[in-house]
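Trainee: Now for the letters of each chain:
Protein chains: 2
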Amino acid sequence: MNLLITKANVLRADYSTEIADIAVKDDVIAAVGDIPEDFAADYIIDGRDHFAVPGMVNAHTHASMTLLRSYADDMKLMDWLNDKIWPVEAKMTEKDIRIGAQLALVEMVRTGTTAYADMYGPYLESVAEATISAGLRGILCRGPIGFMPGVEKILAANIDLFKNYHGSGDGLISILLGVHAPGTCPPDFCRKAAKASVEHGMNVHIHMSETQGEIRQIQEQYGKRPFKYIEDTGLFVRPAIAAHCVWLNDEDIAVMKAHGVTPVHNPGSNLKLASGISPVPRLLAEGIQPALGTDGASSNNNLDMLEEVRLAALIHKGNELDPLAVPAREALKMGTEYGAKALWLDRVGKIEAGWKADIVLYDMRRPEWCPRHDLVSLLVYSASSSSVDTVLCNGRVLMEKGELKTLDEEKIMYEANKCAMELINR
Amino acid sequence: MNLLITKANVLRADYSTEIADIAVKDDVIAAVGDIPEDFAADYIIDGRDHFAVPGMVNAHTHASMTLLRSYADDMKLMDWLNDKIWPVEAKMTEKDIRIGAQLALVEMVRTGTTAYADMYGPYLESVAEATISAGLRGILCRGPIGFMPGVEKILAANIDLFKNYHGSGDGLISILLGVHAPGTCPPDFCRKAAKASVEHGMNVHIHMSETQGEIRQIQEQYGKRPFKYIEDTGLFVRPAIAAHCVWLNDEDIAVMKAHGVTPVHNPGSNLKLASGISPVPRLLAEGIQPALGTDGASSNNNLDMLEEVRLAALIHKGNELDPLAVPAREALKMGTEYGAKALWLDRVGKIEAGWKADIVLYDMRRPEWCPRHDLVSLLVYSASSSSVDTVLCNGRVLMEKGELKTLDEEKIMYEANKCAMELINR
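Protein sequences, first through last, are from chains Y and D.
Each number in this note's numbering comes from the position in the first sequence (counting from 1) with 4 added on.
Each number in this note's numbering comes from the position in the second sequence (counting from 1) with 4 added on.
Quick caveat, the hints were computed from the structure, so don't treat them as lab data.
Warning: the hint list may mix true and false statements.
If chains are identical, the list can't say which one is meant, so a pair holds when it fits in one copy or spans any two.
Derived pair list, reagent style DSS-like, types lysine-lysine, alpha-carbon separation capped at 25 Å [as the list claims (entries may be wrong)]:
#1 11 / 415
#2 88 / 422
#3 422 / 11
#4 405 / 415
#5 95 / 415
#6 88 / 99
#7 157 / 95
#8 167 / 199
#9 405 / 11
#10 199 / 261
#11 95 / 422
#12 422 / 99
#13 261 / 196
Based on the provided sequences and hints, a complete structural model is requested.
Mentor: The following block contains the structure:
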């Protein structure tokens, strides 16, 4: 199918903007600007007064936790986990996981996210199917807590998931090997997971160095910091993404660089849970390109990546008293192309001929887009994701003029609210 | 006129929520919940699936600077002021000031703000008239820079504005005496302004302790910190609001408490300009109730108060590593009732019989409001101001179901973009 977006303001790969047409052939951008004369469009989208930007990549979330949005807030981390989150999660059924993920998918499309990395489970097969059906890219893994009895079964299930779903949905789905965190996974489990990752050629998704408490705990238990601990178990032999990375020193950054571990910055969650502020300007100065994530909706409390882009652009300026820390353009790259690279997505994250057609059109006919001195500044510092008007992923139209094309929003919201209330009263 | 909002989820004054009707008689809330049988509604608004919350109070902004939104970002503060903002501001005409303010009014209504404190000028008469016509509460003052030649004229104009507009628009407008900042106003000017404030019974609006550089400068020039310096000029004899208050010590807080000076926290602007992070949890612990503001749209870059509420709830948790710092409810109070109190607005900021009918209805039929475990958490941590559906100020409907009733949005946006482009090329 040939799709043409006409006269949009396009964010080019070099971060200049220009009014141009975008030709999409099947899943790929065929041309930007000079459209070949023999390109016959089957479908035309009017891009006037819209800003065409690569789809957002949410590189760390727990989609099904959307059912717990607003269930428990303004609490201490361990009270929140022990008294609220973990007891309820233990009661989640396949239906809860599926409906929670569908609610997340609705919110992601509405806010311009076209790819997401999910760590959750069980029943991730349902999440994979829901993601394929919705048309987003899902980079999924389980999140085994190594000291829990029966954890080997979860590891085995994660490997089965890889065998059954990696590359499925016409390449929309990839499966990673999940390991929850250094503080919840003892060395023997980490070594087993590391061995499996190498044996099956699976890349790794792990929480790392989220809190000061975690650093202290691992140092007390193993006499080293979390990055060294995980490196020593072999879990960084395969490429990995590491969510949070709030508390880092020179040695940690050296481990990250030696193994090409990509940090995923979660500013909203790190602030809300009082974990701290990741040294993102330092990472950028080291040549590391952090991705961005929302974390779960129970600690954020939404899946709005534009908010994370804005937070990434704002909080480091204030924290380091440097108005040039993380400029708008760098923050937007973290939310798009750096995220795509972090998740090993091939030719995703730029609007460029030959790249995948993951494109979001923001409607600029709103006061917060006026006047239009600088579109990237307007997007990052002023607009909200409620401007997201039309979303393409892999060339498929997921939303057009605010109408979802692949998800039954009203039904999903009704069921999600019902599931959530039943779940917390179970 | 009798107006009835039916079956809304109402945020009560004690911060409980319940489904209730709200009866509005002229400018005042007549009843919440049990509506008197003889209340005959002239107009009914369906409040089902909407969250009724007091209108936001933006306690520090520069409305007309909305014309400079996205004109200059990611710059050092003095480069930004000297090379970009001040040269352009010097060229602003009456039309620029008026159209800039109208664009701000459109954005404020759309994002649920019903009262704002503006420091700007010249031509504030036009801003007052535009505000009365739009139906918001405007608490206006000039921003004289004391060392500029002819500054006495600006002080005199501010006093004239007070005589001509204080209490106008059926009480919507009040006029304060503006003094720009300690660093830009020498003692003789501050003393003149202080004398005028007492003579005319005018309350004061000033920027205070925004940057470390300001603290250093004032200490070098006068051998004391900004709060002591301004206190000694007599400018705190009358009640005052002090924007920013980022860098405070015990002595500063003692001055604030001694004179009832209310700080206005501007988290977005303070982060973006890399001013720092105000010690808001400390202020709250001292029994001070800070208001919230957006600052101007050239340093924010929008006038979205819900974003400031969210930032106030998030950044202090991360900064102080305390998940209980500034809970959602406290942040929302800062954006509503504390702001109204700070601006000396009588019976504004609560949905309660006898209080002014400044009410915003948020449409909750959206994924970010699902599931509905806790409405205040959903508003503060998940929703965006794009949920604002209906806005009342002083009993008048300014927006209903997304349609502006008092402002010609399309025309204003067209003119604002034209004015802005002409201005920067002048």
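Trainee: Each hint needs a verdict: does it hold in this structure or not?
Mentor: These are the hints, each one checked on the structure:
1. In this assembly of identical chains, the alpha carbons of residue 11 and residue 415 lie at most 25 Å apart only when taken from different copies (23 Å versus 35 Å within one copy).
2. Taking the shortest Cα distances, residue 88 and residue 422 sit within 25 Å of each other inside one copy (19 Å), while across copies they are farther apart (53 Å).
3. Taking the shortest Cα distances, residue 422 and residue 11 sit within 25 Å of each other only across copies (21 Å), while inside one copy they are farther apart (43 Å).
4. Taking the shortest alpha-carbon separations for residue 405 and residue 415, both the intra-copy value of 20 Å and the inter-copy value of 23 Å come in at or below 25 Å.
5. Proximity of residue 95 and residue 415 under a CA criterion of 25 Å is satisfied intra-copy only: 23 Å inside one chain copy versus 54 Å between copies.
6. Taking identical chains as interchangeable, the C-alpha atoms of residue 88 and residue 99 lie at most 25 Å apart only when both belong to the same chain, with a minimum of 20 Å there against 56 Å between chains.
7. Only within a single protomer do residue 157 and residue 95 lie at most 25 Å apart by alpha-carbon distance; the minimum there is 18 Å, versus 71 Å between protomers.
8. In the homo-oligomer, the alpha carbons of residue 167 and residue 199 lie at most 25 Å apart inside one protomer (16 Å), although the nearest pairing across protomers, at 80 Å, exceeds that limit.
9. Proximity of residue 405 and residue 11 under a CA criterion of 25 Å is satisfied intra-copy only: 16 Å inside one chain copy versus 30 Å between copies.
10. In the homo-oligomer, the alpha carbons of residue 199 and residue 261 lie at most 25 Å apart inside one protomer (21 Å), although the nearest pairing across protomers, at 63 Å, exceeds that limit.
11. In this homomeric assembly, residue 95 and residue 422 come within 25 Å of each other (Cα to Cα) only inside a single copy, at 15 Å, whereas the closest approach across copies is 58 Å.
12. In this homomeric assembly, residue 422 and residue 99 come within 25 Å of each other (Cα to Cα) only inside a single copy, at 11 Å, whereas the closest approach across copies is 53 Å.
13. In this assembly of identical chains, the alpha carbons of residue 261 and residue 196 lie at most 25 Å apart only when taken from the same copy (24 Å versus 61 Å across copies).
In the structure shown, no violation is registered for any of the earlier numbered hints.
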